[in-house]
Amino acid sequence: MILNTRPNIADSDGFYADLLAAHRGLPEAESHAMNARLVLILANHIGDAKVLSQALVLARAES
Amino acid sequence: MAFAHQPFDYVAPAGLRAPEPRHKVIIVGAGPIGLAMAIELANHGVLATVLDDNNVVSVGSRAICWSKRSLEILDRLGVGERSVTKGVTWKVGRTFHRDKEVFNFDLLPEDGHKMPAFVNLQQYFVEEYLVQRAQALNIDLRWKNRVISVDQKADFASVKVVTPDGSYMLEADWVLACDGARSPIREMMGLEFDGELFEERFLIADIEMQGDFASERWFWFEPNFHPGQSALLHKQPDNIYRIDLQLGWDTDPEVEKRPETVSPRIEKVVGHADFKLDWISVYTFQCRRLRSFVHSNILFVGDSAHVVSPFGARGGNGGLGDVDALGWRLAAVINGVAAPEALQGYDRERCYGADENLLNSSRSTRFMSPEPGIERLFRDAVLHLAGRADFARPMVNSGRLSKPCIYPLVAPDADLPAGARPGAVAPDAPLENGWMTEALGRDFVLLALGCDAPELGLRVVKPVLTDMIRRRYLGDQPQAVYLIRPDQVVAARWLSVSAAGVAAALEQSWEG
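Quick mapping for you: the protein sequence lines, in order, are chains H and B. Position 34, counted from 1, in the first sequence is what the working numbering calls 61; the numbers after and before it change by one each time, with no gaps. Position 348, counted from 1, in the second sequence is what the working numbering calls 1523; the numbers after and before it change by one each time, with no gaps.
Hint data in this document are derived by calculation from the structure and do not stem from the laboratory. Don't take each hint at face value.
If you want a taste of the chain B side facing chain H, the calculated C-beta under 8 Å gives, among others [what the hints assert, rightly or not]: (1) Met1384; (2) Phe1450; (3) Arg1538; (4) Arg1541; (5) Ile1549; (6) Glu1550; (7) Ala1561; (8) Ala1564; (9) Asp1565; (10) Phe1566; (11) Pro1569; (12) Asn1572; (13) Arg1575.
Note that CB positions come from ideal geometry on N, CA and C, so glycine has one too.
Same shape as in the complex, but just chain H:
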């Protein structure tokens, strides 16, 4: 499997708004904790080690 970096969310504006809404009202530390849980949940959903490793590289890269 190869990491899909093509747009894959039909309503990306809607998702982005939901993401911010999920964080609204949380102190920053709790937001970070929520993000960490979210990463773990999504990683488990993906499962594929190769995909996860490519995602880690993409996320870590400096601009």
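On the provided structure of chain H, position chain B as indicated by the hints.
Positioned in the frame of chain H, the structure of chain B alone reads:
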């Protein structure tokens, strides 16, 4: 070159000498929406009287991006071709983060439409064209006529108007408040806006400069020339460029407006000092609307009913959407063809349209000025990824450009292309002579494709079936009948239909 404002002639109105007979419609405000409304009504046989407190077209470019749908509406009003000829047609947008282009988009307009995706044209030109058109239609335009009070009775409304020669009263069956974002009529009626007010200020400037900038939309997040904020550059006709600069919420607008503050900033955007400041304004972002646009015999149209933050071109275009939805209904009510309840359809559809505009504008505003903390973190992460991963690009939000909304109509539908479903504007296409948008006109029409339409006394358009018409209206079906409203919105469609079926759908289209 800078626009030369020619004042329009003030003529002392008859009402100063003796009471005028009750008018059918008074339109308050001769901006683009009030003027378009007056012409649209005149096209439906209703002559309105237009009152404006001023006697010139808009100062400054203000609304500049006119969408394809707006150009189609302006075309129906008689000024579309002029607007396109004068305007700057653009389709490429570039988005920068700091000093790097992150990505660009091409609106990739489809072939076979009379009007382009977007045209940049200063509001003063659009107003000038509309004024000339209104004058040609003998519409009563009263300059320097300022409404200072409004009194709403059961079956009419009266307004008190101040002129350079004193004040007078006018009565009308209908009063249309097209008096802008700070609508005095709204204020006089004590109506409140609901929604969000953002603590974000933007400076807008029109500058005149010689140069060969591309006809593109350039948007910067956190540019090096304006750290931490955003900026937008648009080309307009006559070597006028529009620059929008985010100021942050803690700035003093009066200081920011001073030419000695503005000029150095603009120098940084364009890279030289060889330009002339034409107009400067500061505005606060807001996304708010009236709960209802219909208040008995007083109707709100355009910015008086809803205001959105810019960058989606949803102010002027949203207002023309209102005109499109209201004109045929109000004319039918005045001409005795429909009951006043038909105006509920205007209220419902345009509240829906306004909500779509407000939602998109709020999201864009949040992306441009995220709250400190996690919002900012996500925003910066999206910008960071956008240069390297395709998926993040659609998440970058520098404004979602205006599209006509698709009204949620409950109407007969069939297995035909989604782009022409009930509630959507009937797609344009070239015909043997002219264009579909021109052929549909200003009344209810039946579009008969590959078959005959039932006989009901409705005008029938029966074009030759080209590939383009098949693709946009038929898909794999051999034939279909479309019922199209006067605002060119698809009211219903069938593979085949009886006269009774069309009559029922027609009836339904009038219901509020």
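Hint-by-hint comparison with the structure:
no., hint, verdict
1, Met1384, "violated, 32 Å"
2, Phe1450, "violated, 32 Å"
3, Arg1538, "holds, 6 Å"
4, Arg1541, "holds, 7 Å"
5, Ile1549, "holds, 4 Å"
6, Glu1550, "holds, 6 Å"
7, Ala1561, "violated, 10 Å"
8, Ala1564, "holds, 4 Å"
9, Asp1565, "holds, 5 Å"
10, Phe1566, "holds, 5 Å"
11, Pro1569, "holds, 5 Å"
12, Asn1572, "holds, 7 Å"
13, Arg1575, "holds, 7 Å"
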